Structures are given as structure tokens and as C-alpha cells.
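*Asks:* Residue numbers (the numbering used here), protein chains in the order written: chain A, 1 to 462; chain B, 1001 to 1663.
Hints were generated in silico from the structure; no laboratory data involved.
Note that the structure is predicted; figures quoted are calculated from it, not measured.
Just so you know, not all the hints are guaranteed correct.
As the list claims (entries may be wrong) - Computed list of lysine-lysine pairs in PhoX-like fashion (alpha-carbon distance at most 25 angstroms, straight line):
#	chain 1	residue 1	chain 2	residue 2
1	A	K223	B	K1489
2	B	K1566	A	K322
3	B	K1102	B	K1185
4	B	K1489	B	K1369
5	B	K1540	B	K1561
6	B	K1369	A	K294
7	B	K1369	A	K272
8	A	K393	A	K320
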Amino acid sequence: MSSSLLLVTCRKGSMEGMIIFTRASIKSGIPDYVTGNSWRYLMQSSLAAFDPENPDRMPESLTGNFFSACSPEISSDCKWMLFAGQQKQGDPWQIWGMNLDTRKVTQITSASENSTDPAFLPDGRILFTRSIENDSLKSGHALFTCNANGTNLTRITFNPHVYFASSVLLDGRVIAISKQVFPQIGNPVMMVMRPDGTKSELFYKGNDGVELFSRGRETSDGKIFFVESDNSGGNKKSIVSVNYNRPLHTRINLTSSVPGVFYSVFPLEPGKLLVSYSPSGSDSCALYDFDTEKRTLGKQLFSSSDYSVLEAVVVREHEKPKKLPSEVDTEVKTGLLFCQNITVSGLTSPENNYSMPVAYSIEIIGIDSSLGVVEVKEDGSFYLKLSADMPFKIKTMDSEGNTLNGPGSWIWIRPNERRGCVGCHEDHEMVPANRFALAVRNQPVSIPVHTAGIREKEVELE
Amino acid sequence: MKKILLIAGVVILLGLIIFIPGKKWASEHVNYNTAINDHPLMCTNCHLHIHKKSPFAKLDDADYYSPMNIAVSNDGILIYVTAQDGNALLVADTEQGKVVKKVTVGNKPHSVIIDKAGKKAYVSNQWSDNVSVVDLDNYKVTDTLRTGNGPAGLSLSSDEKFLYVVNSFSSDLTIIDLESGIERKRLTTGNNPTGAQLSPDGEELYVTSRRANTAHYGESMFSDLTIINDSSKRIKAYLGVQSAYLMENVAFTPSGDLAIVTLVRPKNMVPSIQVERGFMMTHGFGVLERKGDGRIIQLLTDEPNAYYPDPFDIVITPDGKRAFISNSGVNFITVVDIDSVRKLISGSTPEMLSLWSDHLGISSRYVIKRIPTGANPKGLALSPDGKTLFVAERLEDRISVFSTDNMETLKTINLGGPRKITVTRKGRKLLNNAGHTFQNQYSCYTCHPDEHEDGLVYNMASIDMGRNLTNTQSLRDISDTPPFKWNGKNQTVFKQDGMRFSTVLTRTEPFSYKNLDAISSYILTGIKYPPNLLFNPSGKLTEAQNRGKIVFERTKDNFGKEIPEKNRCVTCHPAPYFTNLKQFDVSTLAASDDSIAFDTPHLNNIYASPPYLHDGRAKTLEEIWTLYGKDDRHGLTSDMTKNDLNDLVEFLKSLRSPDYVNK
């Protein structure tokens, strides 16, 4: 992996306490939530550092030699910054790192495809989004990880979704905005997964028609804040919070009574956020603080008539997320999927007395074709061995082969991953019943069937 | 000068000759014992704290109190606290905020109750099989009442003429006539009972159980709630609480219409392939409707991304509005709004209630607050007016005092234990805290309550799911019996609790080196077996046990034929730990097992560890040879009469820790 060094300035010194933000044109185009244009890729943007202790001082330009630079992220020891940038017009977007003491910039990725939205992983690796051309998995933009020097590039998402605006929760999992792009464009959701791409699951889902706009930011009191558009078709973007403990059902719109458009959020001290905001949407965004308890916009910290102030982050030490162990073994070509009872479904309700018609089989559906039909056991369980890193959906069928439920969301299993589901399209807050499922008393069914012939390494975990 | 330089040169050379291979050896030694390649090379990390008989162990020791349970005086000024490790009943003045009296009682005091007049306290001594009767005027022990094995929960009968004592190790209830001080009755309860509470109308005594009834893997599990009629002193019912265990304590609403028990809902029959989505454990409470059909509704206190493990005690305010539950695995008190629980139950069909028992979001309907506490909150007590909650923070040596109105901390009462936190104490805190599992879903204690085992078999999902079922093993007194795990693959506790542990079990960041050293220190030095007072109180074996010992040690069968050495019990199970520390195939491999030899388990206090064998298939010791082991590969037994086998089993039940030999 090649790298190039750019000495942006020779000024040395700690930047702790400074606010780094993206400067972008006021009229930067309509955001495209599939390609990331004018949303995650901000042409002719740049990064600058603002000293809140000296607000009258001009912000220091950090990426003067770049054609575009945006999406800053600060390491937990506040010594490093990651950002996405184009050195010259027309260059692919790459991930760059900057030493915040020396301002020395290092190129991390070097590919023909665009990369953006970098984040630090607790094991020292880097997480980012990369577009994929001619992807057989029809994904568009997937999540990748690599070493800090760009080596050991590893893809971690394998479904036909785009992934943007990722960050890392304190529990060590990655959280990102995800949107299905095949076979049709879906509503955006926030997905969580382990940094090796295992155990991917839904974290948050907004109402129909909303767009998730910014990175989710977790605070020390167990909340995640982000910007979400409303579904009125207008331009309003609000700050939303959810509780980490129960994200699917604790959504609060903190700025429904505040007119205008929010662009990004970043935690300050408990109860306060640093926000990028425009009163009208057509004016430039400026930096403000925001009181999450009172739900009021505070004082303006910085503004410019020449550009919008976006994606602000504070250079300060912060808690390092947990470093999660990985069960992925790339020498293993398959993973295992267990479902305890496919009749447990989120489609049940008091009206149907919380029960679903009995399903007799499931069909596993790949990108281009059916991967197989498997009978489920009498207790509704099934147990599959699937090719790793292959997206699939599952639908349930009755004894006549009629579809009962699904197909559900795209799933993938990483090499050597063991994954469990409670039901099919089930309520995400259900846990499994304590019973010994019939399906796991036998060998798993191999999907697609030709994987049965693969000789691969057997890994003993315990 | 030349001489000095020469000597210095020789010393340096010698040093290098010793240092380089020495460091290499040390690295190999540490890598082998920890199963990782980068553990710091500090001899003191391990060797200072892992040998229970070393002088360093004594130097590092400290006499903690470890408060377990609390009773409150009628005027609410004094609290009485059982100091589990201090073998004392501590009397603290809540106004002064300090301990004013210390009364020496028996071994490992567990619970304390006071009579209505406030004149006497009764303290159960779990390791000395008795109850101390304490005069609260002069704080003297006036009587010591014999009980069954492992007395824990206590209750007075409604007329206060009898004392009910829950015997946790013998799974029964002693009923003592307080006038004579003599046990009048012994009733069988559920398995490993702990808590006891008399209903407000004085008609029934409820006794909770910690262990589920022994069942084969795959069968539904039930833990019994035992109901005793107070006037007849007879068992009224055993109510099986399905899919639940570790029911530590019970409380009644003031009207008595509901009894609420703390409980854990394990997922031992679900493949242990992830922690996300409650795949290992969930925690909550059970609500028994005493009127009607007496159904038990189970509800969780967990949330989708946060768990509150090891619920221990429960108290309900006198107005019946709030229940406080101590979650000892995460240092919180969960506050439950009982009216909301009633509303949920009355508004739900049976199908919905069945759903709610496995629903992580339902707690938002009735949990109104989580109050943070110090380490390992255990026993709870309310002041008579219900306005003050006292919490025994067992591993903090402290009582916290909270207002039940605003649920804020009022004060803490330091019990006067040692200020320093020893390495072993730190390890004990880690073992009892769920902070090292993903989303705090469970602690070591959850599967190893009281550092023993939970009597369950788990699907550890080795190469495939559904394979290699594993019977939980005790952590007691294991320092001299490596290797660990049923397949003997972990040569040290450091390896057992190290990186692989975090990858396959806790699924979060592994212990730091310091924490790993601390928890290893606790496991290797701090966990003792209780004395085997049930079957071998004095070391003098009964006749049947002596006969059984002969059978155990025999070298010839009943026909005079020499028994091959590998088929003799004593070959693989020699004293004092009754393991030769080796792995064997004793014909117990199941179709779902990978082909391995099993590590010979140690047998001390084996009577307290059903079920048996690596996958728990033998519900009793007898079944090891009557249902299984018929091919004589697990010891020659085919020539034995039934009496021989009975005697052998009696001997096995008498086995106890070498700590108690010659005592």
C-alpha cells in the first residue's frame, strides 16, 4: 500500500480543546443518500481548527493542500485525526490520518474507489466506508477495516446495502447508517455489528420517509444523538436521541420546536452538544451549543458568511470503546445460522392472538437465485451451514409452498461465525425460550448444497 | 583497576548467560500458563497471590465483614447485619452511622430476623448448622439451636412459637419449637432453598429454591416454590416455576394477594453462540397470584442492551406501591412499580404473558428507576415506615441508606472492615460482577452461585451447535486440581479465564492482566468448601461409609479376582482431592461429544454437585453405575451387590475438603 506524506504546516503544539470542523460551500447540492454525493462526499470542503478560548482568532486551516477534505474523527487519546479527502479534483476520495501535534498527514488508503467516513476502532484498526464498483453483491458502499497504515484491508459488510456515517459505541460495536439498495431502495436504518462484521442487527429505525443524516454520537449517560430529517418532504432536520438500553422504542425529537436545519452533533459535557445548525436551511450553518435537557439552542460559537460550518468534533481525550474479541477465521469458508422458532414473529399481535400459521419450510434466497429450500423441524427450528460472506434472505412457507412471512432483511454470516435468531422477522426485543431445539440435535443443512463438499478447517471454540 | 574491570566483565558475561536463557525460559513459562504471548514477565503477578498456604497469602489477607442480610429494629434506629466473613452479627446505629456492637455468632452467618417485640434476634449460621439466638438487650448469644445442613432463610411462625429455618444444603426446612429449642419437624423443600417469608395473613410460609429440580438435558426445567401451612406445619404445595432458577428471596404485597420472587431465567438449552439478544441469561422476578389459580407470571428487569443479573433480595414498601430488588451482579437496585405490574398482568392474555416472560422491552412498563450502589448489593431491609431502604453492599463492607421517596442516597454506614482492597478481594469483586460480560448479561456468580455450580448443563456449542453438552463445575477448592475444563485443556486458571474465555463466553474485552491476576488469585486461594456437616461432620465415618471406603479402595472383586489397576476407583480418585489430575475415557462419551478423554473431576463435597458426569446425564451418584457405567470402564462395579453400591455411595457422600481433616 503506497503512502505519501504531506507537511501541511510546520506548527507544532497540542490541539487539545480545539474544535475541528468541515468548511463547505453554502450551496453544496442536494444530498444523495445512496451515492453519498453532497452528503458524505463534500466537494471542495476543507478542515479547519477553531479555538473556542480565542474565538476572535481565525480558524487554522488544516487541509490547505487538499481539493476536498471532510468527515473528521478524533482518536480517544486526542493525538490523531482521521478524515476523508481528495488531493486533487477528480481524485478518488481516500482516508487520511493527521498527527494533531505535528499536523503531519499520512495517506492510509489508496484505491480507485472512493472511501469516506473513517473511525478509530479500539484495537487500533481503522473503520471506513468504501464504494465498490461492479459489485456482485450489489452493495454500492460497504464497510471496511484496515490497519492504521492501510494494510490488511478487510471488508466486513456483505449485503446489498450502503453504509455511511459509522462510529463506534462504547460497547465496542460499530454503528452505521444503512440503506438497502437492491432489489429496491429501502428506508435507512441504523445497524450495529461487531468490528469483524459479525452479529449484525438493527439498532434504530425511524418512521417511514425519514432520512438519517449524521453519525450517531454516544454520550456517557447512555444516549445516542444524531440528526434525522422529518418525513414531511421539507428540509427540516432535527436532533433525535435514543437510549442505548432500548434504542428501538426511546426516540425523542429534541428540536421539533426549533425551526431550521441541524447538520451534525457532537457531545460536549453531559447535557450539552456541539451542533451545526442553520436557522433557515438556505443560510450557512454555524456552530452552536445545545442543551439536551432544556432542548434549547445555546449560544453561537462560530459562524462564517463564506461557508457552512459542518461536522464539528472536539479534540479531547475520551473513553475508548471496548475491544471485542473476534470469532472470524478466514480459513473457514462457512458459518452457522440457528433459528429457534420461525413462527415467533413480529407480525403477531393481539388480533391474531400472538400466533402465526405454522411454517413447514424456508427458502434461502440469494442475490440472483434461490439457494435452497429446507424443511423446518416440528418445533419451528432450523440450523444451517452457509457460505460465508454471502448475502441471503429467508422466507417461510406453508406445507403448500405458499409464502407465509418474508423474505426478510438481507443477512450475511462471516467465516466461522455462529449466529442465532429467536424467530423470523421477530420483535427485536425477544430473547429465546430455554429449550433444546430439534434442529441442533443433528448436523446443519448446508446452503447452497455444494458447500457440503468443501473441505475446510474445523475450529474448536471451547 | 584492571581487576575491577575484569570482575565486572565476568559478572556481566555471567549475567547475560543467565539472563538471556532465563528470560526465554520465563517467557515460555508465562506463555504456557496464561496461553497468551504478551503477559508481562512479573513473577509477583502470579506467584505472590496464588498459593493459599504461602506466607504472602497471609500477609495479603484481610478480615472483611462481607455483610449479607439485614434486619431493622422496630423503631428503625438500629440495624442488625450478618457479617458473612466476620462470623458476627453487627449492630449499627443508623443515626450515628456506625457499628455500635459486634456479636460473635457461628460460621458464615447468612440471615437475621428479629421477633415482634424486638427482644431477640435469630441468626442462621450456614456453615455450622445452627442458629444463634441473640438477646438484644445485652447482645449476648443466649442459645444455639441445631438445624439441618446449611441454614439460610429464617422466619418465625405467626404465633412466634416456632422458628422456620431453611436448610439450603440439605434442601429441607427445620421447624424448631422455641420453647424447648428442639427441632420438631423436618419438611422437604425444593432444591437448594434459601429465602423464606411468612404471608401477611400468617397462614403460609413461602420458601424459594435456587437450583432447579434435576432433569435430563432437554427436559423442561422447574424450580420449586414450597408453600407450607403455618398452623398445620405441613407442605401445602410445591409450585414449579418453569424455566427459572436462582430464586433467592420472596416478598409479599401488604394485602398478601401477590408474592414476588427474584429469579434468573437461564438459556442453558440454547447454544452458547452469542450473548446478544439474551442468548445466555435473563433476569427478573416471578409474580404469584395467591388468589385464583395461583399462576406465576415471570417478568424481566433486563433491557434490550443492558442486563441486571443476579437479583438477590426483594422488599416491598408498606403501601404496596414499590418493590426494590438488589441486582448483585451489576451494583444496582431496580425499583419496580407494582401498580404497573398489576395493570400489565390484568391487561394481558395468557399468550401475551408468556411472550412477556421473554421480552426485554417489557420492563419499561414497570421499572421506574435504577439506583446505583456499591459492590455486590445483597440483603435489603426497609425501615418500619417504609421510607428508608438499607442495602448490604457485601463486597464494600458497607450499608447504604436510601430514601424510598426520592430514591437518593441518604448516607452510607461503614462497618469498620479493612480499608485496603487485597488482590484476592479484588478478584472476588470481579467474580461477582457482570462488568466483564457483554452488556453485563451475567457474572461468574450466575453460573457459579456461591462459587459453586448451578446444577445445569450447558450447550457450549463447540465445533457445531448441539454438541458437547457441559455440566457446570464447581470453583471451590480447585487450586490443587489442574487442569481445568472437562476436556482438561486449560492447564491453569489464567488460561481458563483468559483470551479464549472472552472469545467464546463473555464475548467482550478480556480481563486486563491485573484483573486476570486478581480473579485467578481469588479462585486459587479464596474459595473454600463448606464443611461436610451433613455426611461427615467429625471425620468419624459411619458403618456404611466405612464399608463404602473398603469398596472404594478394593483391589479384588467380590469373587477374589484381582481388579486391573485402571478399573479401581482409587487409581483415578486418590485422596486428598480424589483426582489423579489425568484425562481418561471412562465410556461416557455421548454421540454428541467430540472424541476426547475427560479430566478426572475431584470428589470432595460431591454430594452437593448433582447432576454428574461431564454432561450431567446421571441425576444421582447411584445412576453413574446403575444407568451408565455398566461396562465396568468407569470402575469395576458389575460384581457389586446393591448393598455394596449403596455403601460406596455413602462413602462418596462423606468426602470432604482436606481443610477439615484433623479438625
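*Asks:* Are the hints correct? Go through all of them and say.
*Replies:* Hint check:
no. : hint               : in the structure
1   : K223/A to K1489/B  : 42 angstroms, violated
2   : K1566/B to K322/A  : 49 angstroms, violated
3   : K1102/B to K1185/B : 32 angstroms, violated
4   : K1489/B to K1369/B : 44 angstroms, violated
5   : K1540/B to K1561/B : 30 angstroms, violated
6   : K1369/B to K294/A  : 21 angstroms, holds
7   : K1369/B to K272/A  : 23 angstroms, holds
8   : K393/A to K320/A   : 35 angstroms, violated
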